[in-house]
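Enquirer: Here the protein sequences line up with chains A and B, keeping their order.
Mapping of the first sequence onto our numbering: position 61 corresponds to residue 74, and the numbering continues sequentially without gaps.
Mapping of the second sequence onto our numbering: position 81 corresponds to residue 94, and the numbering continues sequentially without gaps.
Some hints could be false.
Said to hold, decoys possible - According to the in silico footprint, chain A covers these stretches of chain B (three or more CB under 8 Å from chain A):
hint, stretch
1, 18-25
2, 56-64
3, 68-78
4, 98-112
Stated by the list, open to error - Computed beta-carbon distance windows for the label pairs:
hint, chain 1, residue 1, chain 2, residue 2, range
5, A, Gly-91, B, Pro-88, 50 to 60 Å
6, B, Gly-55, A, Asp-35, 29 to 39 Å
7, B, Glu-42, A, Ala-112, 19 to 29 Å
Read the hints as simulated data drawn from the structure, not as lab findings.
Heads up, the beta-carbon is just placed ideally off N, CA and C, and yes, glycines get one too.
2 protein chains.
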Amino acid sequence: MTGNSPVLEVAFIAVKPGAESDFEIAFAEARKLPEAIAGFRGLELRRGVEEPSRYVLLAWWDSVENHTTDFRESPQFGKWRELLGPYFDGLPQVSHASAPL
Amino acid sequence: MTGNSPVLEVAFIAVKPGAESDFEIAFAEARKLPEAIAGFRGLELRRGVEEPSRYVLLAWWDSVENHTTDFRESPQFGKWRELLGPYFDGLPQVSHASAPL
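Only chain A is shown next, with the shape it has when bound in the complex:
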């Protein structure tokens, strides 16, 4: 269950206005990439209500390093950024949180 996962990544991804559909199409391909990474438990992407050009990505990991090292230093991350980066309106705002209280 991702809901009990030790580490939650919360990323707000601002997408260039008008590029939302292209971003979503690219994301449908990109979302499979982290599956190859140790400690990856799952992810979901949702579109913002108040700011429809801003998406929230939740991803669940066994440890922060599974995300910040194992994923970000992998070839999969290069492909992820290649697919999604062109639609980013600035860098995503990313933070992590510990297991649920």
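Based on the hints, put chain B in the right spot on chain A.
Expert: Here is chain B on its own, set in the frame of chain A:
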């Protein structure tokens, strides 16, 4: 399953440094309050890794209005704020997102 819930609330709650334990104790009581509200599907609270005085609250609702109207205008919200408000370091940053893509 909260993971497929139509609406996700993401709230970042900055807590006064040093008040984290008291906040967590108060939260253990407060977390039951939304259960009485229509359209409430569940919540979880996690402590920030990069900023340990900042917590992230995820809550799942059937609609945005279940949160912004049904909960915020309820007596339960008065109690929620009474329990938790003293520990807030500024107002929580709250946004909503649609069903997962």
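Enquirer: Taking the hints in turn, state whether each one holds.
Expert: We went through each hint and held it up to the structure:
1. Interface restraint, the stretch 18-25 of chain B with chain A: holds (3 residues with C-beta to C-beta distance below 8 Å; minimum three).
2. For the stretch 56-64 of chain B, the stated coverage by chain A is satisfied: 8 residues place a CB nearer than 8 Å to a CB of that chain, which reaches the threshold of 3.
3. Look at the stretch 68-78 of chain B against chain A: 4 of its residues bring a Cβ nearer than 8 Å to a Cβ of that chain, three or more, so the hint holds.
4. Look at the stretch 98-112 of chain B against chain A: 5 of its residues bring a Cβ nearer than 8 Å to a Cβ of that chain, three or more, so the hint holds.
5. Separated by about 53 Å at the C-beta atoms, Gly-91(A) and Pro-88(B) satisfy the suggested range of 50 to 60 Å.
6. Separation of Gly-55(B) from Asp-35(A) is about 33 Å and conforms to the stated range, judged on CB atoms against 29 to 39 Å.
7. In this structure, Glu-42(B) and Ala-112(A) meet the distance hint of 19 to 29 Å, their C-beta atoms being roughly 20 Å apart.
The structure agrees with every numbered hint stated previously.
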